[in-house]
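Colleague: Those protein sequence lines, which keep their order, are chains U and P. Sequence positions in the first sequence follow my numbering and run 1 to 307. Sequence positions in the second sequence follow my numbering and run 1 to 299.
Hints are computed from structural coordinates only; laboratory data are not their basis. Beta carbons are placed, not taken as given, at the ideal position from N, Cα and C, and that holds for glycine. Mixed in with the good hints, there may be bad ones.
[Said to hold, decoys possible] Think about it this way: if two alpha-carbon atoms lie no more than 30 Å apart in a straight line, the pair counts; the simulated DSS-like pairs of lysine-lysine are:
(1) U:Lys273 <-> P:Lys243
(2) P:Lys89 <-> P:Lys62
(3) U:Lys79 <-> U:Lys273
(4) P:Lys243 <-> P:Lys89
(5) U:Lys273 <-> P:Lys85
(6) P:Lys62 <-> P:Lys85
(7) P:Lys85 <-> P:Lys154
(8) U:Lys273 <-> P:Lys62
(9) U:Lys273 <-> P:Lys154
(10) P:Lys89 <-> P:Lys154
(11) P:Lys243 <-> P:Lys154
(12) P:Lys243 <-> P:Lys85
[Claimed, not checked] Partner residues are not named here, just some residues of chain U that face chain P (Cβ under 10 Å, in silico):
(13) Ile45
(14) Leu49
(15) Thr155
(16) Ala212
(17) Leu223
(18) Pro224
(19) Met235
(20) Ala292
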Amino acid sequence: MTTLAPTPESTRPAPRATARGRSARRTFPLLPATILLAVFLLGPIVVSLYGSFTDATLSGTTAVSSSFVGLDNYVSLFKDADFPVAIINTVLFVLFSAVVGQNVIGLGLALLMRSANRVVAAVVGTVVVTAWVLPEIVAAFAAYAFFRDDGSLNTALGALGASPISWLYEHPMIIVIIANAWRGTAFSMMVYSAALSEVPPEVTEAAQMDGASGAKQLFWVTLPMIRRTIATNSMIVTLQTLSVFTLIFVMTGGGPGVASTTLPILAYQEAFKFGQLGFGTAIATIMLIVGAIFSVFYIRALRTEVK
Amino acid sequence: MTAPSPDVATAALADATSPRPVSMSAPNRRTMRWLSNGVLIGVGLLFALPLVWLITASLDAKPSLAIAVPDVITFDNFRAIFDPKLTFKPLWNSVLLSGGTAILTVILAALAAYPLSRYRMRVTRPFLYAILFGTCLPITAMMVPVYSLFVQIKLIDSLPGTTLFMTASSLPIAIWMLKNFMDSVPIELEEAAWVDGASSMRTLSRIVLPLMRPGIAVVFIFVFIQAWGNFFVPFVLLLSPSKQPAAVSIFNFFGSNGSIAYGQLAAYSIVYSLPVLALYVLVQRGLGGSSALAGAVKG
Numbered sequence: 001m002t003t004l005a006p007t008p009e010s011t012r013p014a015p016r017a018t019a020r021g022r023s024a025r026r027t028f029p030l031l032p033a034t035i036l037l038a039v040f041l042l043g044p045i046v047v048s049l050y051g052s053f054t055d056a057t058l059s060g061t062t063a064v065s066s067s068f069v070g071l072d073n074y075v076s077l078f079k080d081a082d083f084p085v086a087i088i089n090t091v092l093f094v095l096f097s098a099v100v101g102q103n104v105i106g107l108g109l110a111l112l113m114r115s116a117n118r119v120v121a122a123v124v125g126t127v128v129v130t131a132w133v134l135p136e137i138v139a140a141f142a143a144y145a146f147f148r149d150d151g152s153l154n155t156a157l158g159a160l161g162a163s164p165i166s167w168l169y170e171h172p173m174i175i176v177i178i179a180n181a182w183r184g185t186a187f188s189m190m191v192y193s194a195a196l197s198e199v200p201p202e203v204t205e206a207a208q209m210d211g212a213s214g215a216k217q218l219f220w221v222t223l224p225m226i227r228r229t230i231a232t233n234s235m236i237v238t239l240q241t242l243s244v245f246t247l248i249f250v251m252t253g254g255g256p257g258v259a260s261t262t263l264p265i266l267a268y269q270e271a272f273k274f275g276q277l278g279f280g281t282a283i284a285t286i287m288l289i290v291g292a293i294f295s296v297f298y299i300r301a302l303r304t305e306v307k
Numbered sequence: 001m002t003a004p005s006p007d008v009a010t011a012a013l014a015d016a017t018s019p020r021p022v023s024m025s026a027p028n029r030r031t032m033r034w035l036s037n038g039v040l041i042g043v044g045l046l047f048a049l050p051l052v053w054l055i056t057a058s059l060d061a062k063p064s065l066a067i068a069v070p071d072v073i074t075f076d077n078f079r080a081i082f083d084p085k086l087t088f089k090p091l092w093n094s095v096l097l098s099g100g101t102a103i104l105t106v107i108l109a110a111l112a113a114y115p116l117s118r119y120r121m122r123v124t125r126p127f128l129y130a131i132l133f134g135t136c137l138p139i140t141a142m143m144v145p146v147y148s149l150f151v152q153i154k155l156i157d158s159l160p161g162t163t164l165f166m167t168a169s170s171l172p173i174a175i176w177m178l179k180n181f182m183d184s185v186p187i188e189l190e191e192a193a194w195v196d197g198a199s200s201m202r203t204l205s206r207i208v209l210p211l212m213r214p215g216i217a218v219v220f221i222f223v224f225i226q227a228w229g230n231f232f233v234p235f236v237l238l239l240s241p242s243k244q245p246a247a248v249s250i251f252n253f254f255g256s257n258g259s260i261a262y263g264q265l266a267a268y269s270i271v272y273s274l275p276v277l278a279l280y281v282l283v284q285r286g287l288g289g290s291s292a293l294a295g296a297v298k299g
């Protein structure tokens, strides 16, 4: 933590000692947070990297003393038929519920709110935000009830004369994607509302004077001006959606079969349901690496903020 | 959240004041406005539907999974969950877990943010990058290794242990937010105190922190809301039912019964959600929460 390289005390004792003392005093308040982060965040990452090379299980002899098995977990993971399904489901989930769904609906709502009645915008905004502020498990219950066989959606379809569909069994991925878009859109909406309010009105007015249509103004003036917000927001919602667990766990449990199993669900199932801790840790490690790659891009985008 | 756009006001003004000749754009703008209102109301209804069920089912004596106006409005579901073991103990555990996490996070984050904000040190940049990296970590991905770690260091099924982990996971964003708040407190006041011989910890507690009370409140509530709603972390780390917070007990309620009492589940969901809804409104009203949040994604 000290900022100075150790130097021989005898050569230049007095100024060095005070400088070192000062920097130690200054970094001291960082210590408690650093220790906690090292033990509880860095620790699990190290455990994850190491544990994925062991045959640790939840119970039995290998739970007490696990041994090093090299890349065995990764080899069997890539042979496992469920793994590619989980990868594809995760990509679909992130792509359609976050990168497309939350992003586009959030931006659309933010744009509409600018031209809509103030009261309408405020009320609709509150509703959208409520789905986001509610605890994840409550939102999951509500979405589950909505899509269940005898839930609101089928009741409404029945009233319109359509025959009910067993949504959670027949189209589990589509349903969890819609549910996550519903739950998470508020974040993008708020981010884009803030970004749009910083676009100087003169710019769009000038485009309007030049006779640009609404769509042209949007694609050639407004969107380019908030492109950095679009990029950072896309990265944030990707990272958030990558780690969504509760919503899918409550609504479908990853099923039927593995039809809606994403990587977090697969890691949980393997580690805690089937007791394969090492195997589950290998999945966790892969997710951490994917997350880390996204984080690096995100941090590069925010580099100017670190002074 | 719903930053009332100045455009709406100016548009209305332009409509009212502009003379007829330029009305080429006025009907256009009015249609645009009605169209926006219509689409927004439609989307709002779609967003509201799943939430409405929570309310109708909780007040219905014979709730179904679909939204239905109750024949008789009853509070029986709320009365049924008005039970120490079922409701109060898990809620109290939630208070301990979320309150402990939020208090610890704010204290540690304020301490860490101070040198980061005030001194130019060699560790500042690497530390800030590490913090930013930490805010992005998919915590869900870590639950399997965290479980292994907790078994090894014998912290499994421990409320304090779970609180420590949740503190660690919320520290990066809290330090980041508090540092940004602290940067906007002018340093001149402290320099005067330093000249008078005050220590840096004393200037932090007496001068800086009181000046950034709104920022601290935002961070506290932000962390509290996140911890209150967290299901996966306590679900994995806390095994005894007597230690589990409401997020987990409500899931057991949902999962264990063969026939789920949906009315009670909805009522419990509402009781459990009310504190975070209230806190969120508080942040929105008084403290400018969304601006603090938007600071995190300012591109």
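Colleague: Evaluate each hint against the coordinates.
Modeller: Results for each hint:
{"no.": "1", "hint": "U:Lys273 <-> P:Lys243", "verdict": "holds (21 Å)"}
{"no.": "2", "hint": "P:Lys89 <-> P:Lys62", "verdict": "holds (27 Å)"}
{"no.": "3", "hint": "U:Lys79 <-> U:Lys273", "verdict": "holds (20 Å)"}
{"no.": "4", "hint": "P:Lys243 <-> P:Lys89", "verdict": "holds (8 Å)"}
{"no.": "5", "hint": "U:Lys273 <-> P:Lys85", "verdict": "holds (27 Å)"}
{"no.": "6", "hint": "P:Lys62 <-> P:Lys85", "verdict": "holds (24 Å)"}
{"no.": "7", "hint": "P:Lys85 <-> P:Lys154", "verdict": "holds (27 Å)"}
{"no.": "8", "hint": "U:Lys273 <-> P:Lys62", "verdict": "violated (35 Å)"}
{"no.": "9", "hint": "U:Lys273 <-> P:Lys154", "verdict": "holds (21 Å)"}
{"no.": "10", "hint": "P:Lys89 <-> P:Lys154", "verdict": "holds (24 Å)"}
{"no.": "11", "hint": "P:Lys243 <-> P:Lys154", "verdict": "holds (16 Å)"}
{"no.": "12", "hint": "P:Lys243 <-> P:Lys85", "verdict": "holds (11 Å)"}
{"no.": "13", "hint": "Ile45", "verdict": "holds (7 Å)"}
{"no.": "14", "hint": "Leu49", "verdict": "holds (9 Å)"}
{"no.": "15", "hint": "Thr155", "verdict": "holds (4 Å)"}
{"no.": "16", "hint": "Ala212", "verdict": "violated (12 Å)"}
{"no.": "17", "hint": "Leu223", "verdict": "violated (13 Å)"}
{"no.": "18", "hint": "Pro224", "verdict": "violated (13 Å)"}
{"no.": "19", "hint": "Met235", "verdict": "holds (8 Å)"}
{"no.": "20", "hint": "Ala292", "verdict": "holds (8 Å)"}
In this structure, the hints that do not hold are numbers 8, 16, 17, 18, in rising order.
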